[in-house]
Amino acid sequence: MWQKSLDHQNLSEEEEKRALAKAPSLRFRFILAGVLVIGIIAGLAINLIFDYSQKLADLSYDRLLRSALLQIDENVSLIRNEVSIDIPWSAFATLAQADEDRVFYKVESLEQGFITGYQDLNSTPPKPPVLDQIQFYNQEYSGELVRFAWLERSLTDPETSQTVRIVLGQTRLSREAMSTAVTQRAVEVVVFIALVALTLIAIGSHLVLQPLHRIERALEERAMGDLTPLDINTPKETHHLKVAINHFMARLQTNLEQLENYTADAAHQLRTPLASLKALAENARDNTSADSSSPQAQQQALENIVKQCDALSQTVTLLLNQAVVSHRLQTHRLEPTSLLEPIRASCRAQAVTALHQGVQLSLDCDLSDAVVLGDSFSIQQMMQNLIENAVRYSSLGMNNATEVIVQVSEFERFYRIRVIDYGNGIPDIEKSRVFERFYRGRYDIAGSGVGLAMVKDIVDHHSARIEILDTYPKGTTFQVDFAKFMFDEDTV
Amino acid sequence: MRSVVVFLFSALSMMPFKVWAAEPVWFGNANAPRVLAIDSAMDLASFEPILKAFVALHPDVRVVYRDVNTLELYYLIIQEQKHPVASLAISSAMDLHLKLVNDGYAQTYQSDFTDNLPDNFKWRNQLFAFSIEPIVMLVNKEAFPGELPDDRQSLLQTIRQNEKTMTKRIGTYDIRESGVGYLLASQDARQADVTWGRLLEAFGSHDVQTYCCTHDIIDDVASGKLVLGYNLLGSYASQRARDDSRLKMILPKDYTLMLMRAALIPKGAPNAADAGVFLDFLLSDQAQKMMQNQGLLFPIRPDMNNANDPYVVSAPGPTGVIELDQQLLVGRDYAKQKRFIRNWEMALEISSED
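Protein sequence lines correspond, in order, to chains A and B. Taking full-length UniProt numbering, the leading residue of the first sequence gets 1, the next gets one more, and so forth. Taking full-length UniProt numbering, the leading residue of the second sequence gets 1, the next gets one more, and so forth.
For the record, the hints were derived by calculation from the structure and aren't laboratory data. The beta carbon of each residue, even a glycine, is placed where N, CA and C say it ideally should be. Hints should not be assumed to be uniformly reliable.
[Unchecked claim] Label-pair restraints from in silico Cβ distances:
| no. | chain 1 | residue 1 | chain 2 | residue 2 | range |
| --- | --- | --- | --- | --- | --- |
| 1 | A | ALA181 | B | ARG246 | 56 to 64 Å |
| 2 | A | GLU159 | B | GLY268 | 47 to 55 Å |
| 3 | A | ILE79 | B | ASP216 | 34 to 42 Å |
[Claimed, not checked] Not close to chain A: a few residues of chain B, all C-beta gaps over 10 Å, as computed:
| no. | residue |
| --- | --- |
| 4 | HIS83 |
| 5 | ASP220 |
| 6 | ASP285 |
Please model the complete structure; the sequences and the hints are all you need to start from.
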C-alpha cells in the first residue's frame, strides 16, 4: 500500500487561491534582490557623477579664469617706479563666456598697496603663497560663493622691485549649470540602464520560471491515468526536476500495477471458492432430485457446502483484516502497548481451531510484561497469521507434527517471538519468496497467499525484524524481534 | 540732508558734481493706493507718454518720476542701498548699471516678458535693456562750414580745414560728470584708439565745449552756438532733428555705437512688485510700439514691417553694439578710469580742479 496525505481532500478553488497568495514568490524575491543591488550600484554611480561633474566644471571654467588672469598679468608693468595696470577688454571678454557670472578682482602690490579693483576683497590665498604659481579656491564674497584665481609676481626694473598680487574671481553659476547639465545627462543614462537591467531581470525571471510552468501545464493537461514519462524539452536547470517527476511517476505506476494485480488476485481468490461452492450446491441439488441418493450423501453434500462457506468466510475475513490493518498502519500512530496481550488473545482464538486439526498450540512465556511501541490490533493480526500458517502446515501430510509452540523471550534490547512448527519446513529457495504477495508455496493447501505478506507489512511498519529458521529436526520457525519500548529514551 | 548727500557723493566719486535739479513728477490718480518711484536718467519728454499709458492701464498705481544724471543715479543707488527710495532705476550708462548688478545692488526679476528678451539684452535677470539706440553726431546745417561729415575722419578734416569756425563750436559730454558720456568715450577709445586720440587732440586744440546732458548740447546746436554735437543719444537727436529743419542727425559711417537703455530693480526696493509690472510694460508690445510710432525711443524689439522708419536703425556703416556683459566692468576699472579721465583732461587742457 502507499502513503496518502492525512487530510486528503480536494481543496476548493478559494482555498487554493488563498494558499497561492500566502506562498512566497520566487520571482518577487528575485526582482527585489535585483532592485536592491541595481539601486545601490546606481546610487554609487550617481554619487560619483556628482563629484566628477563638479570637478569637470571647475576644470573647464578654471581655464577661462586662468586665461583672464594671465591677460591681466601681462598688462601689469612698472612705469616711473609705480605699478601700472591696464586691464585688457579681452580678459573680461574671456570671463563673459560665463554669461551670468559676476566678476570681482583686485590688484595690489605689497609695497604700494591697493592698485585697482575691489578694495575689500580678501587677497590672502588659503595655501601659502608661492610666486608665479596660480592658486584656485572658493571663497565667499558679496553674498555669493566665488571661485578665485590668485597670482603673485615680482616686477623688477633697474631701480625698483615690487611684488604684485592679482586676485580674479567669478561666481559659480555657470559651473553649477554645467555640472548640473553633466550630472543630469549622466543620471538619465544611469537611470535608463538601471531600468533596462530591471526589465531584463523581470523578463529573465519570467523566462527562468517558464520551464516550470511548462512542466506544470504538461502535468495538468495529462489524461487521467497517464503515467508515461514527461517528454518535453526543458533546460538543464529543470532537467533534474523532470527526471524526479518521471521517477516518481514510475514508482506510482509500479504501485498501481501492484494494486491492479492485488485486485485481480483477490477477485480470483474469491471466484475459486465461489465456483466450488456453486458446484457443491448444484451437486447437492442433483442428489436431491435423484431419488437414489441416500440421506448420508445429502448430509455429506451439505457438510461440504458449509465447509466451503467457512473457507470463503475465512478468506473474506483475511482480506478484510488486511484492509483494516493496512488502514490502521497508515492512519494510527504507534503507541506503547503490551506485546503479550495480542499474543495471548490470538493464541486463545486459535487454540480450538488448531485442536480441530489435531494440533496442540502452546504458549511458552514467563514474562509478566513486555511493552513495545506498536499497534495492538496489527500485532494480533500478525500473530494470528503466523499461528494459522504454522497450524496449517503442521497438519499437512503424513507426519506426526501435532504441536505448534509460541515462544516469547526477553533480550537486552528486544523481545523475541518465535512461532515453531514441526511440519515439513520450507525449502531454502522459497524462504525468500514466502513474503511475496499471493505467493503460495503449495496450491493444494487452502490459503489466500496474502497472510505472510501482511505479516511482513506489519513487521516493517513496526521496524521489527523477521526471520525464517528451520526447526530441528524438521519444520519451520518464524522469529520476530520487537525493539523494547524505552521510557527514558522516549521522554528525553 | 542734501549737503550730506553731496559730501557722500564727493567721497565716493573722484570728482564733484551737481546734485540733480529736477523735481519729482507725479503721474496717475492722486488717490491710488500704491506708489511706484522711478529714478531715471532719461528726458521726461521721451518718457512721459509711456508713463501716462502705464498709469492709465494701472489706475491703482501712482508713479513718481525723478530725472537723475546717470552718474548721480549710480551713487544714489549705492548710497540708498539700505533703504532705496526708487523701485526702478533706468539708465543709459549701461556700464554703471552693470557694475551695480555685479556688485550686488540689484534684485532678480523674472516674467514672461523678460524671458522673451534675448540673452544679450539682459544680464543675470537683474538688468534689462528695453531700448537700443545709435550714438550720433548732430549738426546745424546752416552753421556748418562745408560738406556735412559722414564719419569721424571727415569730421577731423572739416575741423582742420575750418579751424576758426570750429573753435568752441563743438560740444560733447563732460565724461567726468556724465556716466553715459564716459561710457561712450571709453567705447570710442576701445573701438578705434587712434581715431579717438586724434579726435581728442582736435577737440582739445579747438576748445571743445563739455556738457552734462544731451539736451543742453542739442539746444546749443539748434541755436547755432555749436555747429556740431558729438556722441549724442540718437533718440533725443532724432526727435529734435525731426522738428527742427536746421538740424541733421548723422550716423557715423566708420562705425556707429549702439547703446542700450537698461533698467534694474534695486535690492530692497519698496515696491518691487509694481516695478516688475512696469518693466513688463516697457517690454510689452504696446510700449515698444509707442516708442517706435511716436518717435520716443528706439525700441529693443522694433517692428521691422515699417519700411524707412527712422526709429529702426539703419546705420550706413558697421554698428558697434555696446555689449551688456562683464566687459563693461573694464571701462569702469578704477585705474583705467582714472587714467582715461586724466588723459581726457590733459587732451582737452582742462585741469581736474575745474
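How the hints compare with the structure:
1. Restraint check, ALA181 (chain A) to ARG246 (chain B): a C-beta distance of roughly 58 Å satisfies the suggested window 56 to 64 Å.
2. Our hint of 47 to 55 Å for GLU159 (chain A) and GLY268 (chain B) holds, since their Cβ atoms are close to 50 Å apart.
3. Look at ILE79 (chain A) against ASP216 (chain B): about 37 Å separates their beta carbons, and that is inside 34 to 42 Å.
4. Taking the minimum C-beta to C-beta distance to chain A, about 18 Å, the non-interface status of HIS83 (chain B) holds against the 10 Å cut.
5. Consistency note on ASP220 (chain B): stated as away from chain A, and its beta-carbon is indeed over 10 Å from all of that chain's, at 33 Å minimum.
6. Separation of ASP285 (chain B) from chain A is adequate, the least Cβ-Cβ distance of about 26 Å exceeding the 10 Å criterion.
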